[in-house]
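Peer 1: Put the two chains together into one complex; each comes in its own frame, and the hints tell you how they fit.
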Amino acid sequence: MRPTSILSRRKRRRINGGFELQLTSMMDVLVIILVFMLKSYSTNAVNFAASGKIQFPTSLAEELPGDGAHVIIEPDSISFDGEKVLNFTTLPEPSVTGSGYTIDETQLADGKHRIVPLYDALVRARDRVELMMSKAVVRDEKGNLKKPTFHGTLIIQADKDVRYDILKKIMFTAGSAGYKTFKLVTLRKET
Amino acid sequence: MLKRPSLRRKSKSEEINLNLVPILDAMITLISFLLFSSAFLAVVVIDTPAPVLADAKEVMEKNKKPPLNLTLRILDKQMYLEGGFGNLVNRKIDSNQEGLYDLNALHTALIEVKMKFPEETKLILMPTPGVAYESLVQIMDVARQFEKTDPTLFKKNPQTNVQEQETKLFPEVIFGNILSDNRNFSTEVKFT
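Protein chains in written order, with the working numbering: chain A, 1 to 191; chain B, 1001 to 1192.
Hints are supplied without guarantee of correctness; some may be wrong.
[Stated by the list, open to error] Beta-carbon label-pair distances, calculated as ranges:
#	chain 1	residue 1	chain 2	residue 2	range
1	A	Lys112	B	Gln1165	15 to 25 Å
2	A	Gln55	B	Glu1015	54 to 64 Å
3	B	Asn1017	A	Gly82	43 to 53 Å
4	A	Leu64	B	Lys1156	24 to 34 Å
5	A	Pro94	B	Ser1095	20 to 30 Å
6	A	Asn144	B	Pro1049	36 to 46 Å
7	A	Lys146	B	Lys1156	27 to 37 Å
8	A	Thr90	B	Pro1118	43 to 53 Å
9	A	Thr90	B	Leu1088	40 to 50 Å
I should point out that these hints are in silico values taken from the structure, not numbers from a laboratory.
Owing to the predicted nature of the structure, the values given are computational and were not obtained by experimental measurement.
We treat Cβ as the ideally placed atom computed from N, Cα and C, and that holds for glycine.
Next comes chain B alone, as it looks inside the complex (with noise of 0.2 Å):
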């Protein structure tokens, strides 16, 4: 039935308005958990695995080929690359003007050796014991990815048999004396 028209003037459409305050209080509740448990620091880790010991033999029948056993012994001061034991690799890398291990150095080498085995990707540490860790970090992230300013190494994926860009230079690091004793590092190779 109709309203009369006196009532119909008098009616108000009624506007809901929404309670939204428990909603915002929920809300600023969950960002500040969220505030309080998210990480502003970006954790990243270097993988390394344990080496293991295999019987040479075997290997090189599955290679087909002796492996490079591309090894850097980081001393003190100085960083000895070697591959082949010695035959087919074998720089010195003395400390720069600080006194500091020369990272330009060893990458420089790094990528010639890399440019000769394009193939090879791991890399054999072996640190002396008094070597600091801050410094290890250094010489793997020198080792394992090439930098913007590097000459660019082309690789075919086997998968699809298209030249890729090589993104990384020796990506497996791994530390080769932890099953070994602190001996002192007295080298047969002469180093060039």
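Next comes chain A alone, as it looks inside the complex (with noise of 0.2 Å):
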């Protein structure tokens, strides 16, 4: 008959097989917080793209920002659906209150009101979504068929410092360019 000593007895015992890991319970936490994060994720209507080289005014505002047509007023250019149109001849100083955003005189036109090359960049804008419109057909509240019409809805995100003088001339711009309506970009203030 064979010895059995204690340690062959406990290696006998021994389990067979790795250490398994009990997932579930964190499986659990990631489950909420993907469900919690998916929810809050859909509330954003719109993806927003700021500009991190402005800073925005706090405003008690509540409404979210749409869909619309973009214009970024940066403190060296001005930029229309991501693209540059426009460079600031000066650059803002911090230590001088309302310094820099100053536009070539040869870009304006309209007795300096109308900034042409961002007119043509919104003209070209709004002749694309025209030409799209043309193909599409929609029912108005009470169900007859009809041809979408033109909106024209400008996002305007300025810097805090920047001057009514360079938010007047970009209005009157996309005014000229059928633009209708203008969102004013600022950060919701706490209260």
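Peer 2: Have a look at this one:
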């Protein structure tokens, strides 16, 4: 008869197979996080790409930015729908209030109110949208078929130090190009 | 066929362990993607329609009374509030002690106007070219909504015929001088 030592008995009892983590509880937590994040993600109707160079003013407004063309007024340039359309001739100095944001006068028209490169970009964008709309048909509230009309919403992202003069020129330019509503982007002020 | 008792004793009920590791991997990827793409700053917008030129006669016929045309002229330090071309409302709002726009005085003046003309919802802003965008946003905030400490105003809802509390002061803010030149403001109206 083979002698059985304590050690060999212990070896026999050892469970075969590797060590397994109990992941079920961790899965529960992750599923909850995922559902919560998906829910909050779906409420953000618009994928909003804000420029890092500008500081938005804060406001008590509650309306979320909807669809529309984006004009971004950065310290050195004006961009429209992701493309730079105009460079300012001077840059703002932090110590001087209201400095910078100067537009070369050769780029202005209509009594220095209309910014020509921006106007061209806006008109091109409008033409593109109208071309797409000409092929579409929508139903109105009564259910009748009709051609959609161009509403022209312009979302303006500007630094808090931008002067009204620049905003006015941009709004004048957009108004001339057929854009009827302006949305001024701000950050929500916590009350 | 039943197993022999000796075999029955030996047979173990084997537990099935789900391999959750790939699902876990997918979830971690999804969560990190959502975290990267989610916005932590609440971005909001202030709506302002472009001013439209209209025939004064047509507007008066449509509204059956002359419009108030509540206008706020914003200068470098002061503000001038006028309505009905200065005949119904005319107020001068000086800067506060810190030399900034006196937003509290403006809010109080606007509440007084709203109490007199509860149907009015429009405010026309006419800032001078040098006014900063941040100041404009602050002024629009003050003009657009009531604060919690303000006196309450009730207005009849035409659909339900129920008196409802008004939460908005002058929600439609329009820039009235987009089409005009950058002239200096000179008033013929005597402000009080």
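Peer 1: Each hint: holds or not?
Peer 2: Here is how each hint holds up against the structure:
1. Lys112(A) with Gln1165(B): 15 to 25 Å: Taking Cβ atoms as reference, Lys112(A) and Gln1165(B) lie about 46 Å apart, which means the hint is violated.
2. Gln55(A) with Glu1015(B): 54 to 64 Å: 59 Å, holds
3. Asn1017(B) with Gly82(A): 43 to 53 Å: Since the Cβ atoms of Asn1017(B) and Gly82(A) sit about 50 Å apart, the hinted range of 43 to 53 Å holds.
4. Leu64(A) with Lys1156(B): 24 to 34 Å: 30 Å, holds
5. Pro94(A) with Ser1095(B): 20 to 30 Å: This hint holds: roughly 23 Å between Cβ atoms.
6. Asn144(A) with Pro1049(B): 36 to 46 Å: Hint violated: Cβ distance 26 Å, outside 36 to 46 Å.
7. Lys146(A) with Lys1156(B): 27 to 37 Å: 34 Å, holds
8. Thr90(A) with Pro1118(B): 43 to 53 Å: 47 Å, holds
9. Thr90(A) with Leu1088(B): 40 to 50 Å: 43 Å, holds
When each numbered hint is compared with the structure, violations occur for hints 1 and 6.
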